[in-house]
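All chains, full assembly: derive it from the sequences and hints.
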Amino acid sequence: MAELSAVQKAWEIRQRFQPEIWFSAPSAKHYENRYYSNHNHYFVNLSVTGEACACRCDHCNGKLLQSMIATPSPLEMRRVIDRLQDMGCRGILVSGGANSQGEVPLLPFLDSLAYASRKGLKVLVHSGIINQETARGLKAAHVDQVLMDVIGDRDTIQQVYHLDQRPEDYLRAMLFCREANLNIAPHVVIGLHYGQIRGEIKALEMIRQAQPETIVAVILTPSSGTVMEGLKPPALAAVAEVIAQARIMNPDIPLTLGCARPAGQYKRAIEIRAVDCGVNGIAYPHEATIAYAQNKGLQTVFTEECCSLIGRKV
Amino acid sequence: MRLVQESPEFVQTSLAGALCLGLEKGRFMPKSECHCLNLLLTYGSGCTASCSYCGLSKNRQEESSKTFIRVKWPVYSLQEIIDRVRTGKHPFKRVCISMITQGRAVEDTCLLIRQVREDTPLPVSVLIAPTVMKRKQDLSRFKAVGADRVGVAIDAATEELFVQHRGAGVSGPHHWDHFWNTLEDAVEIFGPYQVGIHLIVGLGETEAEIVKVIAKAHRMGALTHLFSFYPESGSLMQDCPPPDLGQYRRVQIARYLINEGLADLKDFHFSAQEQIVDFGKDITPYIHQGEAFMTSGCPGEDGQVACNRPFGNERASDPLRNYPFLPEAEDLKIILPQIWNGVK
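From first to last, the protein sequence lines are chains C and D.
For the first sequence, my numbering begins at 1 and goes up steadily by one.
For the second sequence, my numbering begins at 1 and goes up steadily by one.
Derived from the structure by calculation, the hints contain no laboratory data.
No residue lacks a Cβ here, since even glycine has one placed at the ideal position from N, Cα and C.
Hints should not be assumed to be uniformly reliable.
As the list claims (entries may be wrong) - Pairs of lysine-lysine, BS3-like flavour, derived with a Cα cap of 27 Å:
#1 K232/C to K93/D
#2 K232/C to K281/D
#3 K29/C to K216/D
#4 K212/D to K29/C
#5 K296/C to K136/D
#6 K89/D to K25/D
Claimed, not checked - Pair by pair, the computed Cβ-Cβ distance ranges are:
#7 S271/D to D252/C: 55 to 65 Å
#8 E205/C to L111/D: 50 to 60 Å
#9 L75/C to W340/D: 42 to 52 Å
#10 E301/D to Q294/C: 17 to 27 Å
#11 A272/D to G297/C: 43 to 53 Å
#12 A316/D to K232/C: 24 to 34 Å
#13 E328/D to Y35/C: 30 to 40 Å
#14 E159/D to L75/C: 54 to 64 Å
#15 D252/C to E314/D: 50 to 60 Å
#16 G300/D to Q294/C: 17 to 27 Å
#17 D252/C to K281/D: 39 to 49 Å
#18 Q238/D to Y35/C: 42 to 52 Å
#19 D164/C to D278/D: 41 to 51 Å
#20 Y35/C to A272/D: 33 to 43 Å
Structure below.
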């Protein structure tokens with residue numbers, strides 16, 4: 001009998017989960033189609049450094065911060081939280097630019113994060129490389145989940161992120177969170193090394209050791225005005241292989257295809273492949289993907305929280 | 001008495017297709033290779049419709065060396081084409097069988113789909129002729145014999161233009177409602193976004209009118225594939241100019257944003273002349289990516305566009321309207337200044 005391909009194996013493994021797929025559409029992006037329409041202000045991104053960032057990674061150069069609400073002081077953050085709650089907000093994703101160690105400076109904001117949590121908001125934090133003190137602080141502030149990119153190749157960390165860290169530092173960061181009993185949703189950025197597949201499998205191996213709540217696969221999507229602008233995205237088949245491996249290596253951990261993906265036909269094509277590879281959720285899917293998933297026998301469910309929280313639903 | 005070579009044994013194929021199969025002499029620049037093999041049904045009696053812009057129209061004046069989209073579509077036996085495809089020495093990722101409005105078209109299309117699917121590994125689309133079809137019944141037959149995608153050439157963006165160019169205005173047999181109802185049936189039978197409509201920019205519609213139709217089709221579950229009108233000699237519209245290049249670019253961008261779920265029609269702003277003046281968001285990253293200016297068409301199994309219709313909208317010496325490949329930096333330098341041309 002012919003051996004199954006990685007994608008086929010991945011689909012087999014998916015059968016352990018319920019035959020449903022979660023589609024996320026948090027309000028960072030307006031999402032409207034024949035299946036679903038999201039609401040403004042339900043789930044919003046905040047930046048604790050405004051548009052400032054010391055890292056200036058080759059694929060972002062701080063551009064991503066421009067789309068977030070700036071809350072550069074704890075007081076500002078509390079004011080924004082109050083306003084957002086009046087508008088019906090259900091949750092926040094708190095991120096920001098990183099310092100030269102690759103850390104988002106979250107310590108001054110712990111009280112404000114706790115404030116958001118007390119007000120009934122879901123609080124997610126995208127932390128960069130996190131140290132033990134910050135991890136414990138986030139747990140004490142009742143943060144719901146910590147998101148972080150995990151990079152498995154030293155050259156990528158140095159050349160793309162301009163950091164002196166090593167892959168092991170990302171594993172350590174995840175373990176600090178787990179030791180503090182924090183839920184984590186590590187992100188694998190497929191093609192991060194200028195469109196090539198390099199440290200993704202190593203990243204997945206480290207992630208497996210950390211037993212996360214959800215694993216999020218995203219794809220290099222360089223912002224305009226960066227060194228990587230115009231770069232061809234990684235080949236569809238290679239990306240599918242990584243997603244399939246993520247599924248195979250973590251048969252019981254929910255896996256999602258996150259929102260960072262090149263737009264257009266590529267996005268549509270990779271979403272279809274991700275469904276085939278057995279992901280449990282996709283952020284902002286094209287309608288064709290929804291129809292495809294339904295045809296594969298999956299019940300489709302919508303949520304307006306970040307896809308990293310799908311781990312709780314599955 | 002000359003033996004007429006007719007479908008299903010014979011088909012016409014595009015010059016691009018014939019070149020790529022080695023059936024005609026000539027060469028394509030590698031970037032402009034044709035990735036969809038287009039097979040057009042052919043009959044001695046021709047197409048029974050009379051669309052004003054079309055080279056196949058029965059009203060067409062020229063008798064000899066008929067062209068369609070400005071080039072010859074040579075006739076070959078289906079068997080010869082299939083034999084060539086089976087050698088594997090071709091760049092095709094899909095086959096499209098195009099119907100014409102003729103009584104035998106449905107039966108012959110079924111035969112062609114079946115034979116292509118039996119003898120080659122390529123997926124098959126059908127460009128349907130709703131006027132000669134029993135909607136759901138015939139669509140289901142096409143699916144049953146192996147087609148996985150369908151195109152509906154609505155072509156005209158408004159009912160008024162449709163009637164003028166394809167219906168009563170040219171004593172033609174086509175009806176607007178029937179085309180849209182057939183589109184709805186196609187989405188039901190083939191699945192959402194497995195269906196596309198063809199629209200021709202430059203038949204007399206405004207930008208607002210065509211963008212509304214693109215959004216309507218998208219809501220119904222159909223993508224849009226754009227064509228830029230080019231006057232076909234001998235046709236009723238032979239003296240009409242192509243649409244302004246800026247107009248075409250704006251409609252291309254709108255099509256891309258709507259079909260990829262990147263923008264909402266309700267956020268667009270139009271001028272008093274119904275030209276697009278604003279897309280409601282910053283489109284810079286999307287237009288720099290280039291895909292908006294590529295030919296939109298049915299994909300191959302790899303998810304990338306197969307039906308790239310090289311030089312389908314202009315002569316090789318004219319500015320490219322639909323790029324048959326993803327535009328690169330030097331192409332974008334040419335395209336970007338064209339976008340807001342002609343906005344009053």
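The hints, checked one at a time:
1. The straight-line distance between the Cα atoms of K232/C and K93/D is roughly 21 Å, inside the 27 Å bound, and the hint therefore holds.
2. The hinted pair formed by K232/C and K281/D meets the criterion: a straight-line CA distance of about 24 Å does not exceed 27 Å.
3. In summary, the hint linking K29/C to K216/D is supported, as the alpha carbons are separated by about 22 Å, within the 27 Å threshold.
4. For the hint pairing K212/D with K29/C, the CA-to-CA distance comes to about 22 Å; that is within 27 Å, so the pair holds.
5. A C-alpha spacing of about 23 Å is found between K296/C and K136/D, which places the hinted pair at or below 27 Å, so the restraint holds.
6. Between K89/D and K25/D, the direct Cα distance comes to roughly 15 Å. Compliance with the 27 Å bound is thereby established for this hinted pair.
7. Checking the proposed 55 to 65 Å range against S271/D and D252/C shows it holds: the Cβ atoms sit about 57 Å from each other.
8. For E205/C and L111/D, the Cβ-Cβ distance of about 54 Å falls inside the hinted range of 50 to 60 Å, so the restraint holds.
9. Separation of L75/C from W340/D is about 44 Å and conforms to the stated range, judged on CB atoms against 42 to 52 Å.
10. The hinted window of 17 to 27 Å between E301/D and Q294/C holds, with their beta carbons roughly 20 Å apart.
11. Hint check: A272/D to G297/C, Cβ distance near 51 Å, so the stated range 43 to 53 Å holds.
12. Between A316/D and K232/C the C-beta distance comes to about 26 Å, which sits within the given range of 24 to 34 Å.
13. Checked against the hint of 30 to 40 Å, the pair E328/D and Y35/C passes, with Cβ atoms roughly 35 Å apart.
14. Against the hinted window of 54 to 64 Å, the Cβ-Cβ separation of E159/D and L75/C comes to about 59 Å, which satisfies the hint.
15. At about 56 Å, the beta-carbon gap between D252/C and E314/D stays in the expected band of 50 to 60 Å.
16. For G300/D and Q294/C, the Cβ-Cβ distance of about 23 Å falls inside the hinted range of 17 to 27 Å, so the restraint holds.
17. D252/C and K281/D have their C-beta atoms about 40 Å apart, which keeps the hinted 39 to 49 Å range intact.
18. Between Q238/D and Y35/C the beta carbons are some 45 Å apart, a value that agrees with the proposed interval 42 to 52 Å.
19. A C-beta distance of roughly 45 Å is found between D164/C and D278/D, which places it inside the suggested range of 41 to 51 Å.
20. For the hinted restraint 33 to 43 Å between Y35/C and A272/D, the CB-CB distance of approximately 35 Å keeps it satisfied.
When each numbered hint is compared with the structure, no violation occurs for any of them.
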